[in-house]
Structures are given as structure tokens and as C-alpha cells.
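From first to last, the protein sequence lines stand for chains B and V. Residue numbers for the first sequence follow the numbering used here, beginning at 1 and rising by one. Residue numbers for the second sequence follow the numbering used here, beginning at 1 and rising by one.
Everything labelled a hint here was simulated from the structure, so no lab data went into it. Computed from a predicted structure; not experimentally measured. Mixed in with the good hints there might be a few duds.
To be verified - Listed next, the in silico SDA-like pairs over lysine to any residue satisfying Cα-Cα at most 25 Å (straight line):
(1) B:K180 / V:R264
(2) B:K180 / V:L168
(3) V:K39 / B:G109
(4) B:K180 / V:R140
(5) V:K145 / B:S188
(6) B:K180 / V:L105
(7) V:K39 / B:G108
(8) B:K180 / V:F113
(9) V:K39 / B:D176
(10) V:K145 / B:Y178
(11) B:K180 / V:S33
(12) B:K180 / V:L40
(13) B:K180 / V:D24
(14) B:K180 / B:I210
(15) V:K145 / V:L228
(16) B:K180 / V:D161
(17) B:K180 / V:W267
(18) B:K180 / V:Q189
(19) B:K180 / V:K145
Claimed, not checked - Looking from chain V toward chain B, a few residues come up when the C-beta cut is under 7 Å (computed):
(20) G98
(21) R99
(22) I103
Note that CB positions come from ideal geometry on N, CA and C, so glycine has one too.
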Amino acid sequence: MPDPSVSPLPSLSEHRVDWPDRAVASLVWLVALLVTGSLLWIVGDLARHGAPELSWSFLTDSPRDAGRAGGILPVVVSTLMILGICLAVSLPMDVGTAIFLAEFTRTGGLLAHFVRRSLDVLAGVPSIVFGLFGNAFFSIYLGMGFSILSGGLTLACMVLPILIRSTEEGFRSVPDEYRKAAAALGLSQPATLWQILLPVATPGLVVGLILGVGRALAETAALLFTSGYVARMPSSVLDSGRTLSIHIYDLAMNVPGGESNAYTTALVLITLLLMINVLTFWIADRWLHRGITHR
Amino acid sequence: MNDKSVSIDRRPWTKRPACCESRDPCIEVRDLSVSYGGKLALRDVTLAIPLGCITAVVGPSGCGKSTFVGTLNRMTDLVDGCRVEGRVELGGHDILNGRTDLIGLRRRVGMIFQNPNPFPLSIRRSLTLPLRRHGVRNRRILDGKVEGILRRVGLWDEVKDRLDHPALDLSGGQQQRLCLARALVLEPQVLLLDEPCSALDPIAGGVVEDLILSLRGRYTVVIVTHNLAQARRVADDVAVFWVRAGAGAMIEHGPVESVFDAPRSEWTAAYVQGVHG
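Excised from the complex, chain B in its bound form:
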């Protein structure tokens, strides 16, 4: 006897459309298309307005006429120097702190709790505040003035929270089995960290790195106070230097007739960002395979 409270089994030959099911599926597709579409739209807009002016000489000349003419070579060089200093300082601190948080204080402890809270607060601090801090501390107190060094160090402070939390997640996602296996083989903690945990945690580090580089390259406010906006070719890290973002800001806001070069610079910035992303993934991939191919 079939249970009368349950509807009878449907016939298999009659296909019925499940409208709520379709609606949800369409919505999900729509949202995904919207996100991808807006990215493509931005890149397309940049390419349309920026590509006509883009040439080899744009990349190799110095700006003339306040940036309306000429190229952006000193700006690219300053940008890469600031980014280099930022990463050289923040990466070692990132890996060290993440290991401390994820491996040495796994279950908590007052210091770890305090460090974590501070990082969360720092991650939400507006960049202009980092700029003021960098100006007061690096530029004035430590006497670095408006310099690439001061700007790079300020950016390092700014991206550290993002880097550390992401790398920490990377370490936490490493299965405990690896730690147990390593301990049972009598491997020391440094060997375990370096040979096994770090390669496995690398994807987390890479995600943090890409977010951090993105934030650093996009930064204008914090750098106006620290690295300044001199568009000359820097001769050392103690010279002031203008980054791509500041150049775009300056051309778009302060220089009448600078819009077209602002677009072209933005195109260069986006391309640089994409290149760094691809390079980061490539290096991380090599690093991951290091353990497999090397003897």
C-alpha cells in the first residue's frame, strides 16, 4: 500500500521544468558574467583609450611638459624600486610571523592573540593613515626625507597584515598528517618547516603576495607623503620618486590635457600587474615542483 501522504511517483516520460531550479542557475550565471564583464570592460576601456599612445618610446622616454608628452621610464623605475623594497622587507617578516602564528602558537597564547588582533586592525587602517605614519616616522624621525626608501618601507607596513594572514592560512591548511609523519621520522622542526610545510603552504603565500602587490601598486595616498612625486629618474633609493599610480593621479587631476597619457600609463600599470601575477604563479609552481624533481 503506498503512503497516501506522499505524492505518487512521477512518470519518467513527462519532463517537467523545475522553474526555481532554473532561476537560481540563471542568477548564478548572470552574476558570474557581470563580474567577468566588468573586468573586461575596464581593461577594454583602458586599451581603447590607452593603446593608441602606447609605443616603445613611451616606455623609454622621460616625461616632458608635466607628463603631457614624452614617456614614463623614470616612473616605471621608481615604481619597481619601491615595490622591490616593499617586498624585500615584508616577505621575510611575513613568513616569520606566519610561522610563529600557525606553527609555534597553534592553539593560542596571549602574544599570538595580540599579534592577530593587531594585524586585523592594521589591515583595515586607511592608507592615508599609513602615509602620515610613514611621513612622521621614516621621512622625518629617521631622516629619510621624501624618498623611495621611505615609500617602500611605508608600503611594507601596509601590505604586511594582508600577507601574514594569507600565509598563516596557507600554513594552517597543511594537513596535520605531514607534521605527524615528520615528527615520527625524527625530523627537526626547521627541517620540517623548510622541506615540507613551506612548499605546501606556498599557495597561501602566493595569494597574499598577489593581493599585497596589487594593493602596493594601486597606492597613491600613502606615497604622496613618503616617496613624493618627483618625476625625474632616481639615482638612489634616497631620491624622491613617482609611482605609476601617482603619475596617473597627477595627469588626470592636475594636468589639463594629460588624460590621454593617464590612460596609457594605466594600461602599463595593469599590464605590469598581470605580468607580476603570472610571474608569481610561475615561480611558486617551480618552488612547488622543487620537492618533486630534486633529489
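Chain B is already provided as a structure; the job is to place chain V on it using the hints.
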């Protein structure tokens, strides 16, 4: 998967090999109690594990079998809030002593876990990494040891052409044999096996079980198992653990034939006959 290099007499409790006759203890456990965060998990275990023999630890879930085995190489140190009391003597030295060299201890006492856990490295590096860390640097010696140990666990013919491929590409049974090789390559005295076959299919499990039997005499083996038939096939001694008054305890220990055929405890009798557990 069939492993011709290891052929074992699988009749239950045939005559013990000579290595086991002496019954000299390799590990002596006295009044061992373990608690996690103040909750007692194991109470007053006292037993001697004979040199060169296979001792099976059996019992229902949650009776402290894995905890017991974990104290023998101090893996319990990795667990926060774990407190171990009593004595565990290996070669006359109390390993629970705070001054014990843990790296040396874990080199002497190897361990295999329930789920195969090879590192995300190549097959070759899975074996050379522990060797290098314990001081073997010569490339030729390393290569020789890799081949020797892979032959020992019957993996050589299966993997000799892909030593530099990821160990995680191997099948579950092969991974477990690689883990066994990784432990054996350090030439330990004692091997702890925490349910080594229970995550494998029956055929792969059988291959690993044959390997375990082949270790008898060369190593002192302690194997945790849920599988009573397996305990009966491989073990010389059996320790039966049970939950008593909220904590794990050892209720019976002795040669496999007496525990299975003439158990002293009624709990053991019911358990080995499949009534309980």
C-alpha cells in the same frame, strides 16, 4: 600488486621463530597512565613487549590503543594538554624522562599511521629526505639505500622507472608501503603500526600484512588493529584493551594462542568470539 618477494606461512600460530623464543623484553611499560586535558584516557598499563616479536594491541574504539602506542615514541608530546605518567623503558632508559633525545628516540622507534601519509615529494626524496636529515649525504649510498629499501617493501619493480614522480600519485597500498619504507630506511629497532591496513582495500591490505609478518625477528613490532583475524594471523603476543570506569585499560595480555583460545577475562572471551566490541 601481488608481491612475490614476500611469501609467508599464514597458518595461525605456527611455531614461533627462534628470535621470539628468548622473550627478552624490548620495551617495558610500567603503570602507564595518560590523560588529555585532565580526562583520563588510559589507566595503569603494565606490560613487557618482547624483542623481535609482533605484539598486537586490540580492543573496541576509544579504549586507548592509539594513545598507548603514541606514548612509545612520545608522539603524545604533539597533543596539547596531554599528560603521561609512569615509565616506558627502552633499552633500560626511561623515554618519558624529560631529557630524552626525541629525534634519537623517533629514529629508533618508527611509526606508520592508519592513513598513508607520504610527503608531497618525489618517491626518491620521500626516502632520501629522512636519510639526509640523519646525516647520510653520499649520493651513491643514498641511491643504494633507496633501491634496497624499495625492494624490501616490494615496491622497486613497481616504481623503479618513476622514482622522481610524486609519491602522492601512487595507489593507497603503494603509499602505505612507501611509508613503511620511509620508516625502515632509518633502521629503527621498533616499529609502531597504528591500524596500518584499515584504510586499504583487502588486497593491498594483505600485501602490507605480509610485509609486516616479514619484519618479525628483525624488528620489534607493535600493531594496533581492529581486525581480530589479522591479530591472530600476525601476532605473537596480544594485548586486549577495554574501557573500564571511563578510561582505557589493558584487561588481558599474553601469547596469541592463550588470549584467543583460553582467555582469562570474560570480556576478552566475549570480544574474541565477536559478541562484544
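Evaluation of the provided hints:
1. B:K180 / V:R264: violated (37 Å)
2. B:K180 / V:L168: holds (17 Å)
3. V:K39 / B:G109: holds (22 Å)
4. B:K180 / V:R140: violated (29 Å)
5. V:K145 / B:S188: holds (22 Å)
6. B:K180 / V:L105: holds (15 Å)
7. V:K39 / B:G108: holds (21 Å)
8. B:K180 / V:F113: holds (9 Å)
9. V:K39 / B:D176: Holds - the C-alpha atoms of B:D176 and V:K39 are around 23 Å apart, at most 25 Å.
10. V:K145 / B:Y178: holds (23 Å)
11. B:K180 / V:S33: Answer holds: B:K180 to V:S33 is near 22 Å, not above 25 Å.
12. B:K180 / V:L40: holds (23 Å)
13. B:K180 / V:D24: The hint is violated at about 30 Å.
14. B:K180 / B:I210: Since the Cα atoms of B:K180 and B:I210 sit roughly 31 Å apart, the hinted pair is violated (cutoff 25 Å).
15. V:K145 / V:L228: Given pair V:K145, V:L228 is violated - Cα atoms ~35 Å apart, limit 25 Å.
16. B:K180 / V:D161: violated (29 Å)
17. B:K180 / V:W267: It is violated: about 33 Å lies between the C-alpha atoms, which goes past 25 Å.
18. B:K180 / V:Q189: Answer holds: B:K180 to V:Q189 is near 19 Å, not above 25 Å.
19. B:K180 / V:K145: holds (23 Å)
20. G98: violated (17 Å)
21. R99: Violated, about 16 Å.
22. I103: At about 4 Å, which falls below the 7 Å cut-off, the nearest Cβ of chain B leaves the hint on V:I103 intact, so it holds.
Checked against the numbered hints given earlier, this structure breaks hints 1, 4, 13, 14, 15, 16, 17, 20, 21; the rest are met.
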